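Assemble chains B, C and D onto chain A, guided by the hints.
4 protein chains.
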Amino acid sequence: MNKIRLGILGGGGDSLIGILHRVASYMFDRYEIVGGVFNPDYEENTKFAKQIGINTDRVYNDFNQFIETEISKPLEERIEVVSVLTPNFLHFPMAKKLLENGFNVICEKPLTTSYEEAKELEALQRKHNAIFAVTYTYTGYPLVRHMKHMIAAGELGEIHKIDVQYYQGWINPVIHDPEIRKTVWRLDPKKAGISSCIGDIGTHAFQMAEYLTGMEIKSLLSDLNNLYEDNTLDIDGTVLIRFSDKFKGVLRASQIATGEENNIKVAIYGKKGAYRWEQENPNYLYHLKDDEPRRVIKPGNAYVSEIAADGTKLPGGHPEGIFDAMGNIYKGVAKAIRGEDFYDGEFPTMNDGVRGMLFIEKVVESNKNGNVWVSMENQ
Amino acid sequence: MNKIRLGILGGGGDSLIGILHRVASYMFDRYEIVGGVFNPDYEENTKFAKQIGINTDRVYNDFNQFIETEISKPLEERIEVVSVLTPNFLHFPMAKKLLENGFNVICEKPLTTSYEEAKELEALQRKHNAIFAVTYTYTGYPLVRHMKHMIAAGELGEIHKIDVQYYQGWINPVIHDPEIRKTVWRLDPKKAGISSCIGDIGTHAFQMAEYLTGMEIKSLLSDLNNLYEDNTLDIDGTVLIRFSDKFKGVLRASQIATGEENNIKVAIYGKKGAYRWEQENPNYLYHLKDDEPRRVIKPGNAYVSEIAADGTKLPGGHPEGIFDAMGNIYKGVAKAIRGEDFYDGEFPTMNDGVRGMLFIEKVVESNKNGNVWVSMENQ
Amino acid sequence: MNKIRLGILGGGGDSLIGILHRVASYMFDRYEIVGGVFNPDYEENTKFAKQIGINTDRVYNDFNQFIETEISKPLEERIEVVSVLTPNFLHFPMAKKLLENGFNVICEKPLTTSYEEAKELEALQRKHNAIFAVTYTYTGYPLVRHMKHMIAAGELGEIHKIDVQYYQGWINPVIHDPEIRKTVWRLDPKKAGISSCIGDIGTHAFQMAEYLTGMEIKSLLSDLNNLYEDNTLDIDGTVLIRFSDKFKGVLRASQIATGEENNIKVAIYGKKGAYRWEQENPNYLYHLKDDEPRRVIKPGNAYVSEIAADGTKLPGGHPEGIFDAMGNIYKGVAKAIRGEDFYDGEFPTMNDGVRGMLFIEKVVESNKNGNVWVSMENQ
Amino acid sequence: MNKIRLGILGGGGDSLIGILHRVASYMFDRYEIVGGVFNPDYEENTKFAKQIGINTDRVYNDFNQFIETEISKPLEERIEVVSVLTPNFLHFPMAKKLLENGFNVICEKPLTTSYEEAKELEALQRKHNAIFAVTYTYTGYPLVRHMKHMIAAGELGEIHKIDVQYYQGWINPVIHDPEIRKTVWRLDPKKAGISSCIGDIGTHAFQMAEYLTGMEIKSLLSDLNNLYEDNTLDIDGTVLIRFSDKFKGVLRASQIATGEENNIKVAIYGKKGAYRWEQENPNYLYHLKDDEPRRVIKPGNAYVSEIAADGTKLPGGHPEGIFDAMGNIYKGVAKAIRGEDFYDGEFPTMNDGVRGMLFIEKVVESNKNGNVWVSMENQ
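Residue numbers (this note's numbering), protein chains in the order written: chain A, 701 to 1079; chain B, 701 to 1079; chain C, 701 to 1079; chain D, 701 to 1079.
Just chain A, with the same shape it has in the complex (with noise of 0.2 angstroms):
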């Protein structure tokens, strides 16, 4: 199986979005990184491009040169699909063009700064055809997976109430301040457009509701909070939510939430049960019942549904984060073959590995021998 011919647009240096999405495509071994533009500046670009491995002669000036050489190639060398991580304000312009010439997208959210330009790029891409995802993340939880694919299948009954927060607290050391409050960028509405929270993080939870319960949201009622009349953007908010006259809903969310990190979590009630599941501990989803023990759902287990399973790459009670610790003992060796400065403890070493054996062979000798002391000492 060939991997897929992946392009990226943004994303370079230090960029949390941009290793999010790289390593992301490694994950299943089905996508290479052929090119892009991750830099506007050419020679960072490149410089990045090296960085990661990434041949450079498909690592273009810019976005136009980007698509005209890509197009001049044959279809089977061309760029299959591209990843955009560019500034909120870009996606537009970059998606549609990337549609009108026939590339699928991956394209960061929000999808665009204004309904219209969405409308407008959901038509092209029906013309053309193309495969074309956003990437609300935390639809690619395991759990959250289950969760849709349970209450399709009828789990909770019909559905009542739902309850979806997203609670951060990152904007409270800066927005007291009058001057601070000005310098950040996701309070100025030519940056951000016309919201700051609900825009932000209010949109995860939205597509949360709808993407767990397969409805649409037919109303809703909001207040927001600026709490400084300076300062044009919502930072905290409460949106009222109708699914029907007898399914509402509230969803809540928040920049001023002192302390919170990345709190978004879900509550979901029917008829014959319900579901709660948080991001914070995204291997734990209770389902609740009537009158019946609550069940802890947790990946990786025989009894979860396929497309949970799917999305699980080891055995149930090793957190995916595991990957991420594996990573990082390869990070220490990469440190230590290149020569370069790492931590005491940053890669298990020989010694851990002798100490093991000698640890195994003593265990077994002390338990023989009727439970007796036996030294460590290395021999």
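Mixed in with the good hints, there may be bad ones.
A pair counts as met if it fits within one copy or between any two copies, since identical chains are not told apart.
As the list claims (entries may be wrong) - Pairs of lysine to any residue residues, derived as SDA-like cross-links and limited to a Cα-Cα distance of at most 25 angstroms, are as follows:
{"hint": "1", "residue 1": "Lys989", "residue 2": "Ala1009"}
{"hint": "2", "residue 1": "Lys796", "residue 2": "Ser1075"}
{"hint": "3", "residue 1": "Lys946", "residue 2": "Asp1041"}
{"hint": "4", "residue 1": "Lys965", "residue 2": "Gln751"}
{"hint": "5", "residue 1": "Lys750", "residue 2": "Ile704"}
{"hint": "6", "residue 1": "Lys918", "residue 2": "Ala853"}
{"hint": "7", "residue 1": "Lys971", "residue 2": "Pro993"}
{"hint": "8", "residue 1": "Lys703", "residue 2": "Thr746"}
Quick caveat, the hints were computed from the structure, so don't treat them as lab data.
For clarity, every value in this text was computed on a predicted model and none was experimentally measured.
Relative to the frame of chain A, chains B, C and D by itself:
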């Protein structure tokens, strides 16, 4: 910066350990897998190499050919480090030959099948001055590293007690049937060596204890349980450990802790404070002190130590598993691009993006108009 | 110190609220239940009084006799305070008459069936200068009191957001059947007043919000759900609340949150920090701050505020439920003394005591003899 | 039903164990405290009796007078059961004399200061056929009882492993100073007997293990830690335990587990399932099985066993601590009635009741009028 040329022995097909090492090598863009022997069957081997996108010209028939061909290459092309993911009994001969031929090694645990072999490898490593890592994965967690660092810095004062556990239940469903238990390789001394439970998971707990304290255990006393007479290897055990006359502890390991998944955890107590951590919630480290509120240390925050920060790629509250969440979305997109079946909800689509933009606009509209109901019908 | 003479109206038989108030009155040895009207039926009334060990000479036929007889007694014998545990519609006439006749009152919530009645009671209380408590029980938790105290002392700085919830699921199993739902008194406007969910549990969340902040809500906007057209009372609702233009919040209440028990919880966010608390884990108060590890406040520790310490009877780590654990043991002993059937294990016996002494001696013996096995056979 | 006539020895003043036993005796309205010797000093004794509302005519000078006077009374007036809350060394002589004179006994643990004394008491109890309880309080928790019941009913199948822990940290702040540690009675062999940690809290863990399994431990091997040479008693220890050749376990106890409060917990593993429970969250019992979601058993639900239901006074989700919450409110009211100082917020007042009624009316009004803002100003 050139990527490090990595070779892999073993880990082909659906091998869990294979995917764990590959993803780990990708994570920080510092390695390139350039070849190896993934599978003893050459056809399977090359098929797998293609599947994970490896150029097959350095996929070898067997380990001997691997060594011979690689050492014939100039140093600047030669594989620099080799991950040994083969069955345990092959670790020693492979690691030995790799060291003798000047390779750096990343070796799965247990290092060998005996302490004697381990000592021999250690001597070789010193002689050749090689980088050699044994992948005790759990020490890669940012908060485990934070503990080690802070303990070394004296945060807990003199330590007087450690309690470390690794409980699994996976052998419970098979151990009680005399026929089935004969078929498990973990219980076959020829394949598993002198120990099942202690050798496989007790060593992790042991290494954690020495890793965190930076000290060596001086003596131990063990009590193991084989449960059935015809079962010759331990599947459960408790080990009394002593770092010194004043610093004692206990290590508990089990494969018959029914319903437990991979429950490795540690509590370490000193004069000035204590730490508690468990893998099932790896983003929560509890710091206890006399007469003070407990502190919950979470990765990604400014207050964690350098080594922990260095191993964390995202802000606080995003569990490391978010990489996997994004990876699952990329996987769904890959299926769609390749025309494979995919699950409903496997990646967020254009429609999610469009609805998100409508949501933002309508929330702002409702708020601006005095908190009134607005429709969310697509327009 | 003489105990306070307490009278009780209602709460007879198996009434849960009855046992809750009685035990509460016993807890600090400060009240003596001297009489009352526990039941409208006089025979049941006296039977119950005997059962709970009350002298029957002040157990009255009805409320009027209660008032007349008590006020005829000299002040130093007269009942000093009366707990009103009768159905909601009786709170007002009883509390009114009690106040008019100079009694102090402890009244279950809701205080009355209308705001108008409540205002009338308030005027009477002022006129008679009576002590009057309304038992919003949740404000009695030590850590709720600690929050209030610390917020008043400025620990959180200026507060800008509150989120309070009371979710239950008990009505879910009955609401979906048209016949059954007609029979529930909580859904009958004649008995329950104008509201079910908000009146019964939303008020608790409301009182918690005003209690913790020490402030009054200025305005609100609500969205309620009756779920079925023939059901005239709300069983779910969300309320947007404003303490000021800058300090907004949301209150969520539900009786159809399937599988939830009595899940009242609160999160309160200020410039300098935040608190999170929930009744289901009432001994854990989370204190969040920007860029600092979260703190877990637990009762019974030297660091808690005076008001919290005053309401905690035991050292940290003993949940208050330990009183109930001991109560259950006393109950088992009572059954044995009275020759009633009791469960195996209902109280620890002489044998537990004997085995415990053997255990201590054998542990010391094993350790002294060099950590050897010793027998635990009774000798 | 007449209440049981209860006498108490010890537990006067601020004694924590005194308040625990008194409240426990009140809980189910089945005991009346009619007399005793609360304090060796007669004046203190009567003062205390008045304080807790006991008629002083059966408050005795000393234990001998207690026995003589009580046995001179007719059986139907005589104290039926006596709670022994005196220092440990007095348990034996008092319990002995009580048994010899026909009283039932509730005795604090440890039962005696030696196994020999304990055996003597046991013989006496049998001879006199008395009810005798030793207050291992933790077995009174509803979910501990549920475990015992379900294990006896075969829910876990044959058990093969138990792990029980009691960790405290209270001795840590005192043990490290040579002067201070000399002053602690727990470390004085004359007062505490042959053991500190095992005698005081290890016994609780031991009793829990035998209580839950309904089996006796056959043999044990211990390793204790005194930490300092001039400290003659253990303050930490691990005990290997065997119920049989196949059923092994480990018991861990510590008073130097820095920052731990009263962390008693247990995990018990059998062929068919496992239970995990800990006192710090006593309302959560985890039931683990191979390949099934974990179940969370909570008290107060219809699905719990009879013995657990019998010991639970309130519906699910109300932690037992709610009695204490209500008790705190009653305490505040008592202070107000007696004209003592009380804390702001010590009990909810008339104003809370009035505001609550306004809240209900305004919520309904806002909803009825189409979800509009309404004022919450008092009217």
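Exercise. Evaluate lysine 796 and serine 1075 at a C-alpha cut-off of 25 angstroms and name the case that applies: within, between, both or neither.
Key: neither (70 angstroms within a copy, 27 angstroms between copies)
Practice problem: Could you place lysine 989 and alanine 1009 in one of the four classes (within, between, both, neither) given a Cα distance threshold of 25 angstroms? | Solution: The answer is both: 23 angstroms in one copy and 19 angstroms across copies each meet 25 angstroms.
Practice problem: If the cutoff is 25 angstroms on CA atoms, where do lysine 918 and alanine 853 land: within, between, both or neither? Let me know, please. | Solution: within (22 angstroms within a copy, 44 angstroms between copies)
Quiz item: Which holds for lysine 750 with isoleucine 704 at a C-alpha limit of 25 angstroms: within a copy, between copies, both or neither?
Solution: For lysine 750 and isoleucine 704, the Cα distance is within 25 angstroms both inside one copy (20 angstroms) and across copies (12 angstroms).
Quiz item: For the identical chains here, do lysine 703 and threonine 746 meet the 25 angstroms Cα criterion within one copy, between copies, both, or neither?
Solution: both (23 angstroms within a copy, 15 angstroms between copies)
Practice problem: Give the relationship of lysine 946 and aspartate 1041 under a CA distance limit of 25 angstroms: within one copy only, between copies only, both, or neither. | Solution: neither (62 angstroms within a copy, 35 angstroms between copies)
Quiz item: Can you tell me if lysine 965 and glutamine 751 fall within 25 angstroms by alpha carbon in one copy, between copies, both or neither?
Solution: neither (37 angstroms within a copy, 37 angstroms between copies)
Quiz prompt | Identical-chain pair category, lysine 971 with proline 993, by Cα at 25 angstroms | solution = Intra 17 angstroms, inter 21 angstroms, cutoff 25 angstroms: intra and inter.
Of the numbered hints given earlier, the model fails hints 2, 3, 4; all others are met.
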